[in-house]
Amino acid sequence: MIPDPSAARVAADLDESDFVAGVHAGHWRVISFAFPTLDFAVAAGADASGRPIEYGFHADLSNYPGQAPMVRIWDHAKGGPLAPNLRPNGTPRIQRTFQCWTDDTVYRPWDRKTGPHSNNARTFPHLAWWPEHRLSFIFRDIHDILNSNARADRVRAAT
Amino acid sequence: MAEGEEGKHEIEQTAAKQAEEVLLPVKTGLTEEREMKLERGANLLRIVEMVARERGVLVEEFAIFREGEVEELAIETVITDVYPRHRRHHVHHKSLVKVVVFYGAKDASRELKRNATVEQVLTWAVAVKEFGIDAAMAPEFNLARRKVKEELPGTEHIGHLAGPKKVLELDLVRGDIANG
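Line by line, the protein sequences are chains L and R. Take the first sequence: its position 128, counted from the start at 1, is 464 in this note's numbering, and no numbers get skipped. Take the second sequence: its position 34, counted from the start at 1, is 276 in this note's numbering, and no numbers get skipped.
It should be emphasised that the hints constitute simulated quantities derived from the structure, not laboratory data. These figures come from a predicted structure and were not determined experimentally. Glycine is no exception: its CB is placed at the ideal position from the N, C-alpha and C atoms. A few of these clues could be false.
[Stated by the list, open to error] Chain R stretches covered by chain L per the calculated footprint, using a threshold of three residues with CB under 8 Å from any CB of chain L: (1) 293-301; (2) 355-366.
[Unchecked claim] Far from chain R, by Cβ distances over 12 Å, these chain L residues were calculated: (3) H412; (4) P467; (5) A493.
Turn these sequences into a full structure, and let the hints guide you.
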């Protein structure tokens with residue numbers, strides 16, 4: 337049987353040094369992978385009592401990397417999109433990224449649905465999906481946004 | 243030894259040799275990363291020696307760090323069975339980097355060790371009094387190379403961004419928010 341090149345590329349990306357480094361640093365973890373579906377979680381700091389927080393995501397990687405990934409913030413326990421009141425909240429950038437909208441995918445220009453919506457991919461070409469990107473590109477973007485919330489506390493503590 | 247037995251012996255020897263070797267992921271530049279092979283029981287000095295030899299400089303000029311850790315690793319640290327060898331390692335020159343951050347018409351600078359991350363620089367930059375940024379808005383900001391649009395990942399080391407240079411110029415920018 338001829339192996340699916342998209343599946344092979346995803347497997348390679350999950351083994352790529354940047355991705356693996358993020359796993360070992362505790363930034364993200366793969367929950368399950370059965371092509372074209374990838375379920376994963378991204379660390380988002382800790383709550384007031386110091387307990388680690390993470391958010392689940394569900395990605396469709398059909399025809400990857402020629403077609404952009406489609407990623408939704410996910411409740412893996414319930415098997416569906418995360419309820420609006422449980423999504424990350426904070427500054428406008430965080431709210432926009434995890435907002436509920438028509439296609440309800442992660443609202444970043446690299447996403448399959450968000451890219452063409454409101455000209456996002458054209459307006460932000462450096463954040464748009466290109467086949468040369470690896471999965472670590474979107475994992476790192478999600479991780480940076482989720483962890484930006486903690487920056488306000490660090491800034492206040494430093495001043 | 244019969245032919246089949248010879249092949250099996252070679253496989254067993256290769257497996258035995260591989261069991262004596264350890265692979266450590268090591269990043270030495272922005273796009274330079276590889277797995278370095280060490281004998282089990284060797285110490286981190288071997289990695290620094292390899293990098294120093296490649297660069298034609300003294301071993302004493304380099305420091306080695308593990309991803310996510312602030313303190314420099316002791317080069318005498320031995321790679322044992324319990325050593326976290328899957329964690330990415332970074333080799334940096336020991337010299338400091340002067341980071342200059344521009345925001346609007348103002349700028350601020352600070353000297354930092356090369357294993358400082360973009361996130362650490364960002365946390366400092368948004369707190370610079372002269373920039374007048376409210377702490378509550380800190381999550382909205384990012385850093386990019388001077389006059390370049392692409393925002394830098396928070397975990398990147400400034401040493402890899404600076405390369406051999408001793409000055410790194412960055413712009414403090416509002417993070418891109420996709421059109422709603």
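Now for the hints, and whether the structure bears them out:
For the region 293-301 of chain R, the stated coverage by chain L is violated: 0 residues have a C-beta nearer than 8 Å to a C-beta of that chain, whereas at least 3 were required. Judged by the Cβ-Cβ criterion of 8 Å, the region 355-366 of chain R is covered by chain L as claimed, because 4 of its residues qualify and three suffice. The beta carbon of L/H412 sits about 25 Å from the closest Cβ of chain R, which is more than 12 Å, so the claim that it is off the interface holds. Interface exclusion of L/P467 from chain R stands, the closest Cβ pair being 18 Å apart, more than 12 Å.
Once the 12 Å rule is applied to beta carbons, L/A493 is inconsistent with being away from chain R; the minimum gap is 9 Å.
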